[in-house]
Amino acid sequence: MHSGCFAQYPNLPKFLIWGYWSSPMSYATNSLLINQFEGTPGGDAYLHAYGVQLMDKWENLYFLLGMLVGVRVLTYLALLFLQREKR
Amino acid sequence: MYANNLFWQLYILSHRNIVRYIRRPIEWTQYVGGYLISAVLIALIFSDIKSNREPQITLGLSFMLDVFSVFSLFGVPTRMLPTTTTTQHNTLTYNIPLPTVMSQRLLFNREREAGAYRTSAFYLADLLCRLPQHLIAVFFYSIIILYLADIHGTLNENGAFLLLVNTVVMQIYLGINETVGMYSCPPLTLISSIADWLILGACMSDADTAIVLAGLINVVNMIFR
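So the sequences go chain by chain: P and Z. Per my numbering, residue 1 is the first one in the first sequence, and the count goes up by one each step. Per my numbering, residue 1 is the first one in the second sequence, and the count goes up by one each step.
Don't read these hints as lab results, they were simulated from the structure. Note that beta-carbon positions come from the ideal geometry of N, C-alpha and C, so glycine has one too. Where hints are given, some of them may not hold.
In silico contact screen, one side only, chain P against chain Z (beta carbon under 10 Å); selected entries [unchecked claim]: (1) Met25; (2) Ser31; (3) Leu32; (4) Leu65; (5) Met67; (6) Arg72; (7) Thr75; (8) Leu80.
FRET-style restraints, in silico, Cβ to Cβ [stated by the list, open to error]: (9) P:Glu38 x Z:Tyr147: 20 to 26 Å; (10) P:Phe15 x Z:Arg110: 45 to 51 Å; (11) P:Asp56 x Z:Arg24: 40 to 46 Å; (12) P:Val73 x Z:Ile136: 23 to 29 Å; (13) Z:Leu135 x P:Leu82: 26 to 32 Å; (14) P:Gly51 x Z:Glu111: 46 to 52 Å; (15) Z:Ile18 x P:Leu16: 41 to 47 Å; (16) Z:Glu113 x P:Tyr62: 37 to 43 Å; (17) P:Leu82 x Z:Thr29: 28 to 34 Å; (18) Z:Tyr147 x P:Pro13: 36 to 42 Å.
All chains should be built: construct the whole structure from the sequences, respecting the hints.
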């Protein structure tokens, strides 16, 4: 809903900005668009107009990797500490 | 103290997982099948992208690449699968396979309490054994789209990056799926679902209502913003 496809970053209401920054989908879409348009004729202007080029594509990927590590650690902690059977 | 070291535990658990996958191939073939079907659908939708290289179309394609890579996790329609291997999570006609860490939770708890292996060995073995099927699925997904949707011309030198992003996105949503399932609590469900309209799925009691409501909010957002 607010990953940058239906409503682009510059047009997002302020109260929905958190959704944009917390969405893995927005980082993924941004990185793919930068991958596609960066350096092409008119591509940079398009990226700027849609508020895409706030970070480069590798920075977007680092955020995605950080989220990946985060959810994996949460799952591991759940395995470690939750629902441990008592003897 | 454990009777065996971490690497031996990892080997034994990985071997057990591989045997399980061989005996029940439906557990991994539906991931791969879902991805291949999604790739063909996207390729058909965007097959004319080269002659219509408008930014909006490319934006749509980039978004759909990620969206379909997430929806592919739901596998193929229920009617095509034996219902014994999956658990019906919602009222839609899709089955969401339970993550291994959840489906084997009871077994894991008992074996660990008996001192059979470490938690890290179990989790690592699970991750390692599922990685090949995910990589195969994402690889063919990306390759089919790159060539059938005819975008390889512009993504030729950056196709590997697209593959990498798709892989990471798939792993993230698999991880979110597992995390939500493991904690099974509304606050965490909300936190991990804030990504998209999935937050509605976390708030609603059934998926059909969530999807309808998400569509309505989307339409209102597009009309009145």
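Cross-check of the supplied hints:
At its closest, the beta carbon of Met25 of chain P sits 5 Å from a beta carbon of chain Z; the interface hint therefore holds under the 10 Å criterion. Hint status for Ser31 of chain P: holds, given a least beta-carbon distance of 5 Å to chain Z, under 10 Å. A hinted interface residue such as Leu32 of chain P counts as satisfied when its beta carbon comes closer than 10 Å to some beta carbon of chain Z; here the least separation is about 4 Å, so the hint holds. Checking Leu65 of chain P against chain Z by beta carbon gives a least distance of about 6 Å; that is within 10 Å, so the hint holds.
For Met67 of chain P, the suggested interface contact is upheld, since its CB lies about 5 Å from the closest CB of chain Z, less than 10 Å. Evaluation of the Arg72 of chain P hint against chain Z yields a held restraint, the C-beta minimum of about 5 Å falling below 10 Å. With its C-beta approaching chain Z no nearer than about 5 Å, Thr75 of chain P sits inside the 10 Å limit, and its interface hint holds. The beta carbon of Leu80 of chain P comes within 5 Å of a beta carbon in chain Z, closer than 10 Å, and the hint placing it at the interface holds.
A C-beta distance of roughly 22 Å is found between Glu38 of chain P and Tyr147 of chain Z, which places it inside the suggested range of 20 to 26 Å. In this structure the supplied range 45 to 51 Å holds for Phe15 of chain P paired with Arg110 of chain Z, their Cβ-Cβ distance being about 47 Å. Distance hint for Asp56 of chain P and Arg24 of chain Z: a CB-CB separation of about 43 Å, consistent with the stated range 40 to 46 Å. For the pair Val73 of chain P and Ile136 of chain Z, the beta carbons lie near 26 Å from each other, so the given range of 23 to 29 Å is met.
Between Leu135 of chain Z and Leu82 of chain P the Cβ separation comes to about 29 Å, which falls inside the hinted range of 26 to 32 Å. A beta carbon spacing of about 50 Å between Gly51 of chain P and Glu111 of chain Z agrees with the range 46 to 52 Å that was offered as a hint. As the Cβ distance of Ile18 of chain Z to Leu16 of chain P is approximately 45 Å, the hint placing it in 41 to 47 Å holds. Distance hint for Glu113 of chain Z and Tyr62 of chain P: a CB-CB separation of about 39 Å, consistent with the stated range 37 to 43 Å.
The supplied range of 28 to 34 Å is met by Leu82 of chain P and Thr29 of chain Z, whose beta-carbon atoms lie about 31 Å from each other. For the hinted restraint 36 to 42 Å between Tyr147 of chain Z and Pro13 of chain P, the CB-CB distance of approximately 39 Å keeps it satisfied.
When each numbered hint is compared with the structure, no violation occurs for any of them.
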